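Those protein sequence lines, which keep their order, are chains A and B. Residue numbers for the first sequence follow this note's numbering, beginning at 1069 and rising by one. Residue numbers for the second sequence follow this note's numbering, beginning at 1080 and rising by one.
List time: in silico DSS-like cross-link candidates among lysine-lysine, alpha-carbon distance up to 25 Å: (1) LYS1829/B <-> LYS1512/B; (2) LYS1148/A <-> LYS1143/B; (3) LYS1647/B <-> LYS1629/B; (4) LYS1158/A <-> LYS1108/A; (5) LYS1300/B <-> LYS1326/B; (6) LYS1118/B <-> LYS1145/A; (7) LYS1326/B <-> LYS1343/B; (8) LYS1372/B <-> LYS1300/B; (9) LYS1118/B <-> LYS1108/A; (10) LYS1145/A <-> LYS1096/B; (11) LYS1143/B <-> LYS1096/B; (12) LYS1143/B <-> LYS1145/A; (13) LYS1684/B <-> LYS1372/B; (14) LYS1300/B <-> LYS1629/B; (15) LYS1629/B <-> LYS1326/B.
Partner residues are not named here, just some residues of chain A that face chain B (Cβ under 10 Å, in silico): (16) ASN1114; (17) ILE1119; (18) ARG1124; (19) ARG1127; (20) THR1138; (21) LYS1145.
Keep in mind the hints are simulated off the structure, nothing from the lab. As the structure is a computational prediction, the values presented were derived from the model and not from experiment. Every residue, glycine too, gets a C-beta built ideally from N, C-alpha and C.
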Amino acid sequence: MSAKSAGLVQGTLDMLILRTLALEPMHGYGIGVRIEQISKSVFRVNAGSLIPALNRLERAGFLDSEWRATDNNRRAKYYKLTEAGRKKLKAETREWESQTSAIARILNASLGEI
Amino acid sequence: MSAVKPFLAGLRSLFRKQDVEQELDDELQDYFQRAVQQKIESGVDPARALREARIEMGSTEATKERVHESGWQSIFESIAQDLHYGLRTLRKNPGFTIVAVTTLALGIAANATIFSFVNAVMLQPPAVHDADSVVVVYGTTTRQSFSNNLNPISSPNYFAWKSANRVFSEVAAIQPWQNVNLTGTGEPEQLNSVSVTANFFSLLGVPAALGRTFEPGEDQKGDDRVAVLSYGLWTRRFASDPNLPGKTIGIDGEQYTVVGIMPKSFSLRSFPAEIWTPLVLDPAQQDQTARQKRSYFLFGRLKPHTTTLQAQANFVALAGQAAHDFPATDGGWSAGALTLQDYMTKEFNAGPAIAILICTVAFVLLIACANISGLLLARATARRKEIALRMALGAGRARIVRQLMLESLILAIFGGSLGVLLSFWGAALFRAKLNFNVETRLLKIQIDTTVLLFTVGISVLAAFLFGLVPALQTTRSDMNSTLKDSGAAVSATRGRNRLRRLLVAGECALAVFLLSGSGIMIHALYLSWHEYLGFNSDHLLTAGITLPVKNYSSVTMQHEFFTNLLQKTAELPGTQSSALTSDLPGTGAAHDTFTLQGEDLPPAKRPRAVYFVVSPGYLAAAQIPLLRGRDFARSDNSSAPKVAIVNAEFARRFFPGVDPIGKTIRIDTPDPERADWRMIIGIAGNVKNFSLQHSDDPEVYESYLQHPATAMNVVVRTAGDPGALAPSLRQAVYGLDKDLPLSDVESMTKLLNTQETGDHFFTAMLATFAGLALLLAAIGIYGMVAYSVGQRTREIGIRMAMGAQRKSILRMVVAQGAWLALIGGGIGLAMSLPLPQAFSAMFQDFYVTGTQVFIAVPLVIALTALLACYIPARRAVKVDPTRALRCE
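With these hints in hand, go ahead and build the complete structure from the sequences.
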């Protein structure tokens, strides 16, 4: 991950990839661009972390891949969410939400409460 | 799914490396091009776009490496790498590798060989169907027992228990250890035979290899003239005649039809048989007399979901019932049940010897491991720079430890393989040496799968034992100081020194313990061989003879035969004297309870004595001294008053301070009609009943003229070589009855030797292993002292340059080694002190003392250790100080 996203919580990248692919199958570069766009350039993901992450997720059975033809006679490796991946995303999201809301509660607590 | 996919992906990476690499390259290339294209599209100048994209991408090689590392196959690959590296390291140090592998191979070979024996005695299941559910029921007695308390039971109990037990689906009875005479074809021959009920073979689930086994009803009177032969007898005596089933053979002069031949693999060690005949038992004749005749063992097939423990409880209860109902005959008796395999293990009675052998070889292996540990430690010092460098370059400690352990494992694999090869030879030696009786001949000592698995197990264990501590120790060193250090260290690091000292002391302790243990055993065995047996075994020819009751039905006929035989043997040229005895001295004898006149104890409480039926003149022929009174005379016959002779131990125990001559006793023979009161007429010297026995048993002699017996041994005292008289003895018997074979025609000396072969072999093995342990320990101590002296060459150089005398340096080095040997030896000696007591408890009737051994062994170890220290120390002080100072 680039310098900007150095603070990204470990394992969050996996969740972001799964979320991005939940919409439609996509190739590696597309995933990176999509994450950058949606996060309004807060997260910038480069090939050095994205490709190994995709590979790892595919091996774990959360993603499937196939080579597809794209525009101007090129081919790209498209990744697609599997059923296991969908479940994983659901679980991760739930976990993430409960954690963030807990952190938010702590941060928003008044002095007296702490 | 979640486990299969990564596995398949890993396999693909391993075996289709090219494809996987290509795909990853394509993906990264595509990514890069898209990034460039994106930048151009957003208006960046192409050359700049290319550069920016490249910077953003980072190193593609690093990315590929990260992808690669995430799979399991990368661990596999790095292990393959380590393996390659380890093999190369070992090949580059041939001296170290050869010493380590040989040491380990010797240790493992010793263990594998002993285990192949243990496997044959205790682990191989008997060749019957579903061996775990075949149970043997035997009798036990609370009376003084001379053996391992596995006794036969009586036939009334067989019938009662057969129907009353709740644990067996089927019950068979056998009468083992019978001798029959094979007659008719060729020279008569005595065979081991077992009589069995008709369902015996079907209960075991073993079909005949040829023909059939017994059919129901063939154990009834009139239908019982059938026999099943062992494979060995069939090939040896009948030339493997395929048409033998259906033909008749002569057994004790009667015609039996051979119905089948058993498979070659079928043998029951505890109940050896070359021929099986039906056991005929009449349910109508199970009276009081039959209750006293204990000759049978019960075989049972456990019902499903029933355990041996339940069977044991059931038969203890049944025996308790019998003791309650028939106190005169069954009082003091109980029963036991063991699986056939456990029964045979217990009956083999080698438990203590096996335990000692296992401990001995385990200690040999421990010493071997300590040696290799020491070598590895020494080598680790030499390799410390290499290792520090690798750690500096980023290798984790775990990775280095794994690498070092892998090297140990390689050593263990080579050592183990060589050890297995050696153990094939060891097992062959065992087979050759352990063929002295029918039971040991049936042991299947071989290197089978179980032994191989065991060897693999101990090899891996050994690798951890000798490899782990040096590996951890090596990687603990501080990398900075090691790298800076130009090899100018004056002495090795403290931790490593401490470990080395621990190893030296530990080896001394182990060696003292092992040598003491085997020394005590060997000493005790040696003493017992030279124990006076109470008779003169030189120039004594012996032979067994069993009169078939069918041909010699009356007592008169039996007396006539034996009297004629004695007359004929007395006339043989070279005979000095000859006599008969029911049991030979020193080879195990029968024993029975008896009653002293004036005492009336219930059978369970009566004392026991070893008991012989002999001919007049036996004491003189065997040269057993007659201490007081007189020997039997021919006039002490069936019409004269009954007389007996007792031994000195009998007199000491039962007539303390009283003259036993003239007193009367009654022996409880199995046949109650022959139990007569007998007057003691003489006192004979004590005779040992086992050649390794230290204590004396009470013994009673009766004359065959007053106590009929059909199975006797002839003893002939010869002027010359007893073996030379054997043919004429055979001829004499042939002249009396041509269908009567002589068994075990052997000189007494040879008989005793054969009997002791097992013990001699046991002793030889202990001595071999003890010698091996001493050698290994010496090599180990020498190696470690030599190494540490080598490390201190510079220090010694400094000391000498400062003016230290060679002598004082020599003394310093030797003293340091000797001090360690002293501490280790002391610990070993303390560990060994309880050994004599432990051995006495393990081997009854055996005289064990440790005093001489406890003096000799520490001396031997101390001398060995001093020598092992002195040689390297002397070499060290001979070095020129100027060279020593420059030494790195």
